[in-house]
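Residue numbers (my numbering), protein chains in the order written: chain A, 1 to 295; chain B, 1001 to 1317; chain C, 2001 to 2339.
In short, the hints are calculated from the structure, not lab data. Only a predicted model underlies this, so the values are computations on that prediction, with no experimental measurement involved. Idealized CB from N, CA, C, for every residue including glycine. Heads up, some of the hints might be wrong.
No more than 25 Å apart at the CA atoms, straight line, and that leaves these computed lysine to any residue pairs for SDA-like [said to hold, decoys possible]:
id, chain 1, residue 1, chain 2, residue 2
1, B, 1231, C, 2066
2, C, 2125, B, 1229
3, B, 1130, C, 2070
4, C, 2093, B, 1123
5, B, 1158, A, 28
6, B, 1158, A, 261
7, B, 1231, C, 2087
8, B, 1130, B, 1153
9, B, 1126, C, 2091
10, B, 1003, A, 76
11, B, 1274, A, 154
12, C, 2026, A, 284
13, C, 2153, B, 1313
14, C, 2026, A, 22
15, B, 1235, C, 2087
16, B, 1235, C, 2066
17, A, 25, C, 2125
18, A, 153, B, 1227
19, A, 28, B, 1231
20, B, 1158, A, 255
21, B, 1274, A, 22
22, A, 25, C, 2068
23, C, 2132, B, 1227
24, B, 1124, A, 127
25, B, 1231, C, 2070
One-sided excerpt, in silico: chain A residues whose CB lies under 10 Å from chain B [as the list claims (entries may be wrong)]:
id, residue
26, 140
27, 173
28, 177
29, 178
30, 231
31, 236
32, 237
33, 238
34, 242
35, 254
36, 261
37, 271
38, 273
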Amino acid sequence: MMKRNEGNKKKSRSVRVDSVLLSLKHDKAAVISLILLGLIILFALIAPFLPVEPNATNIANRLQPPSAGHWFGTDEVGRDYFARVIYGGRVSLMVGFLAMLTSLTIGVAVGTIAGFCGGMVDMVLMRIVDVLYSIPWMILVTVVSIFLRPGLKSIILVIGFFTWMEIARLVRAETLSLKEREFILYAEFSGVGIWKIIISHIIPSVFPTIIVSATTSMANAIMTESSLSFLGVGIQQPMSSWGSLLQNAQGTMQNTFYMALIPGLLIIITIFAFNKLGNLLRVFVEPKIMNDEKE
Amino acid sequence: MAKYIVRRILTAIPMVLLITILCFALMHFAPYNAIDAMTTPKMSPETIELIKAKYGYDKPLFIQYLRWLNGILNGNFGYSIVTKQSIAGDLAVRIPNTIKLVLPAYATAYILAIILGLLAGSHKNKAADKVIDGISSIAIAVPSFWFSMLLIFILGYKLKLLPIVGMHSVGKEASMADFLRHFIMPFITLTFTFLPANVKFVRSSTVTQFSEDYVLVQRAFGASRGEIMFKHVCKNVLLPIITRLGMALQLLVTGAIITETVFGWPGVGPYFIKAIQGMDYPIVMIILVLSSTLVILGNLLSDILYCITDPRIREMG
Amino acid sequence: MEEIKKNDDKILSAQNVHTTFRTHGKSVKAVRGVSFYAGYQEILAVVGESGSGKSVLMKSILGLMPENAEVTADQILFMDKNILEMTPEQQRKMRGKEIAMVFQDPMTALNPLRTIGFHLTEVLKRHRGMDKRTARKEAIAVLEQVGISSPEKRLDQYPHEFSGGMRQRVLIAMALCCRPKLLIADEPTTALDVTIQAQILELLKKLQDETGMSIILITHDLGVVASLSRRIMVMYGGLLMEEGLTEEIFYSPKHPYTRALLQAIPKPQAGDRKRLEPIPGMAPSLIDPPDGCPFAERCKFACEQCEKGIPKYRVYSDTQRAMCIFSAEELDARERKVD
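Sequences and hints are given; from them, build the entire structure.
Written as structure tokens, this is what we have:
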């Protein structure tokens, strides 16, 4: 009996991996974008150890086109653009990651509590979700960003605090259906505390949903950050993100178009790759998506 | 159905009220508020009290809120702190400009999305689908401002075909041709922004419909591909799409903030961004209230449309 | 072989049908060489567990398989026309007009956004070239025929206003619209309540009497068909295990699988105290089917021989044959030994 169970588990894992590999085989774009994303993340991580200096100015050497010394050329005060792009990516990815963590934490907390407690608690929390949902995100995020001094911390908080509603709804719906399952009912019956049930039973069960939302959330956060920074209400000088690099590039675009091209392409690759990653994780979580053509 | 709609309207009203309270609170507790804007540190406390009394800021918060709400309901949106202009007056100019841009762009994107989505969805995994879905996946990842920079660089700087900022050239305010030349690039950008998500929505809805049992049954009864597509699938796909129209209502005001800012289009976008940068709270809050109200109205509209068009809900109490 | 006899008493006959699905590099052999026929005016029951290929076989014959399925056969004759030689367009025109099909789940078989009347009149307009008014009249008549009261009013209603049993009646009405020569009913009662099941089966029987059409009734429940069918085909693992007249199958089953199926039917008769015997094990994988008899690993008579190649049919009468290396007598002898 035991043995068969183990066999099943093993089999289901290999089915999952197989499904993921198969969908990768049919999707070259996903493979390429994921490899590029890996490189981008790697560069962002090891940036401090690279022999590049994003803030060293050199007026004599300004607005140089790409060359062997400066792979992406230099900007209007002579800073190495390659270094600025790498450090910009570091900021964009960090904002994306931390904002995603914030929004996941709030979303999962609100979702599980609302779903598990039900009644008034659920009503109040869901009304809050409804209200926040009704405000166009652009407006909401920009409005709140004026209460905090623009900068790295506030942009992470702003994006994180106002993009958790979707996750909360998903998690709540799953919690509601989990609540009726035997193992939860049993735990409740045998007097296990609510926090313990939420942490040791509900959260692990909704984990697949959380992981899939995390990729979407990450992609959205990066897009939001770059839009805000582009509009000048996000990351401020001398720090830069891909969005603020683009804002900067706007002025000199006529002559140095590559400065506008590169960060934009990196944003596209990153968001595209995170979306693809989300699809793959979805396949991993529910392998039947792949086998939908069966009888 | 009528009952449902009435109930739906009744739940929308407290939502709008909640949002106005939220906005008012934000405005009141902001680090720099309307009183600070009208007074200077040099004024004596008496003068400040006088100003406060004149504008009603000495009354309890609750009364202030009601006065503000009453003002909004009567079309008195207050005044800009920076320019001292009437916000209602400004918006009366700005909103039509935004609509002139957003409406054609959304309509184009909407129609294109239906065509492309149906085409892709009905040819799942074939060449047409791979191209349409692939391009949509990439387009979703493209920041709209980057796309507009691309357009500006190519059409504006390199080919010198189109003007890159504004809605009219100076002195040509009445010329339709001049307006159109300014209109093309922001219009393309916006259409491109709205398109991919809608294509994906229509496509996945079409794919789902084609995998429904009734399609197999129709095939078993000798329906041709065309009959299945136009007599069955189309209607089932279009229904949820029509209801999406309601959700697009708010775009008429806030759907083009980034694009308008990039192209200097004199709509709500630059007005809003300027207000944010200048800490012009009354403007920011009015736009917040306005756009949220439109979202709630839009959702209400979607639900009502859904009720009217879907027979499964239509008959219910 | 001997099984191909003169064709004039057969409305449908198929030789050596194979259906293979290809999904992501794997192929699933759902039907692996089945030959069968259906006679004029008869009710033929096709019995098997889910995954036995019974439903796929019929859909293959109608050309209703998805594009990733490959159907091959030596020939498929319907009223002396070879279906395999028809263009897709000709096949389409045949479907619904000459061969109609009723499906398992009536809840999802109708477009929820179209009225019942739309569903019926579309078929009438398509296959019988009727105009809107006559089609409507005819639709009312057909609804009456399948036992739906106040059909005129019902015609303008949507599927969600009908119960499951009533929807199945609507689907049967759709099938009757063109007075088909052959009706394939794919588990028409599986999704319905027990009492409704009996009504639908009775209706099918009544319609068969009235119209003289042939019916192929696909079911996983051997008990359902006892009183209804003239002949029974038993399928397993994509193969036809045994076929015979209903009496032959019930009173002298030859194949171990058929015997096992019969033992798994609850018999309400008093005095019958024999235990119900479930069939142990699971149906074989169709991705990698065994070389030999697919039932071998669940069969209590299985021997080494069974796993070496698919057995040949043993012919027991003009109408009965079974695919087993043992003859019925050998099986009886072994059964006594086992007991």
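Problem - Unmet hints by their number, sorted upward, for this structure - result: 5, 8, 10, 15, 17, 18, 19, 21, 24, 25, 27, 28, 29, 31, 32, 33
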